[in-house]
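Listed here are the chains, written in short residue letters.
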Amino acid sequence: MGKKDRSTQQLVQGMGFPSIHLVSLEKMEAMATQERIRFILDEVEAGKILILERGLTPQEEAKLIEQTMREVDQDSFIGIEMQSYGMDNGSNFLQRVVMGGPRPRMAVIGPADLLRLVSKDNEQIVTKIISKDGK
Amino acid sequence: MGLKQVMMNLSLGRWLGKAFGKKHAKIGIYGPPNAGKTTLANRIARDFTGETVGAASAVAHETRRVRKKADIDVRSGTAKLHIDIIDTPGIATQIDFHEFVEGHGMDEEEARRRAKEATEGVIEAIRWLEDVDGVVLVMDAAEDPFTQVNVTILGNLEARRLPIVIVANKIDLPEASPATIKSAFPQHPVVPLSAGEGTNMDALYEVMTKHFR
Numbered sequence: 316m317g318k319k320d321r322s323t324q325q326l327v328q329g330m331g332f333p334s335i336h337l338v339s340l341e342k343m344e345a346m347a348t349q350e351r352i353r354f355i356l357d358e359v360e361a362g363k364i365l366i367l368e369r370g371l372t373p374q375e376e377a378k379l380i381e382q383t384m385r386e387v388d389q390d391s392f393i394g395i396e397m398q399s400y401g402m403d404n405g406s407n408f409l410q411r412v413v414m415g416g417p418r419p420r421m422a423v424i425g426p427a428d429l430l431r432l433v434s435k436d437n438e439q440i441v442t443k444i445i446s447k448d449g450k
Numbered sequence: 015m016g017l018k019q020v021m022m023n024l025s026l027g028r029w030l031g032k033a034f035g036k037k038h039a040k041i042g043i044y045g046p047p048n049a050g051k052t053t054l055a056n057r058i059a060r061d062f063t064g065e066t067v068g069a070a071s072a073v074a075h076e077t078r079r080v081r082k083k084a085d086i087d088v089r090s091g092t093a094k095l096h097i098d099i100i101d102t103p104g105i106a107t108q109i110d111f112h113e114f115v116e117g118h119g120m121d122e123e124e125a126r127r128r129a130k131e132a133t134e135g136v137i138e139a140i141r142w143l144e145d146v147d148g149v150v151l152v153m154d155a156a157e158d159p160f161t162q163v164n165v166t167i168l169g170n171l172e173a174r175r176l177p178i179v180i181v182a183n184k185i186d187l188p189e190a191s192p193a194t195i196k197s198a199f200p201q202h203p204v205v206p207l208s209a210g211e212g213t214n215m216d217a218l219y220e221v222m223t224k225h226f227r
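As given, the protein sequences belong to chains A and B, one line each in that order. Residue numbering for the first sequence follows our numbering, starting at 316 and increasing by one per position. Residue numbering for the second sequence follows our numbering, starting at 15 and increasing by one per position.
Read the hints as simulated data drawn from the structure, not as lab findings. Everything numeric in this text was worked out from a predicted model, so none of it was measured.
Which residues of chain B face chain A? A few of them, derived with a C-beta cut under 7 angstroms, are:
#1 I109
#2 F111
#3 I137
#4 F160
#5 G169
#6 A173
In silico DSS-like links for lysine-lysine, alpha-carbon gap of 27 angstroms or less:
#7 B:K130 / A:K378
#8 B:K40 / B:K94
#9 B:K82 / A:K378
These stretches of chain A come out as covered by chain B in the derived footprint (C-beta under 8 angstroms, 3 or more residues):
#10 365-376
#11 380-391
Beta carbons are placed, not taken as given, at the ideal position from N, Cα and C, and that holds for glycine.
Can you make the complete structure from the sequences, with help from the hints?
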């Protein structure tokens, strides 16, 4: 993280708001599974909300939940809010071949005490950012 | 017997089970906290062995360790299925001790201990996903089924091509909507029931004996 990023983050957090980071597919694909999980947890534990252009596979999500539970600290980090769709299986055979198999769709992940799910269905995820007192 | 030989025997046993029809399956009872997993596990165990698996309560994360009840013969008509039931702690992405204090009147020390044990239970439940032969995924029919836990569990099981039966539990509640669960996950069998009242358990046993063979 650069000096400018840090100061921007401090400014945003100093105003009482978490910062929201849109993470590109290329950035996620450049990392191995363990790196992705470490990256996500480091960012979320620092109070950031991540919107992933392409989320995690179900196996990676399970690993992320497992690692989150290892790092839960009741005084500083109660876990994550993670919302994703199921895998994109492609709508026809040709699409599946071009895709090279099922792949994750967009996901949003943030600190559980700052991000809360409002509603979710197959096409839309609605979350809201909450204050520390839960409002 | 060396480790390599043990691994070869395990692989051979698994292959034979798949090739000739598994006679003895480990069935995991999975789901989010408070969906009624232990109540269901107890109901199944009691129906066929007269014994229970563990204590259930209205407090979330009551089950914080995996519990196993071995050698249950589930029967439906002439069909029979020999299983071990693996009752798992509820999987969650967040655990806050304040919920035990504010929601259930626990003192802080007890609530913190329960939260710590609950995190360990989630880890254990996820680890067991790799060791089950099929899963009964329990959902509260009065709640929104599109939870991340449900999506993640189903995604993992589908990736491993494990058989899944979804239970739409708590149909005794007036706000229960098993149809919502059916429309959310049309690719899997959904059995509406009330584990607490024992309603429609025969339908579950019929689906289990067909689906987990």
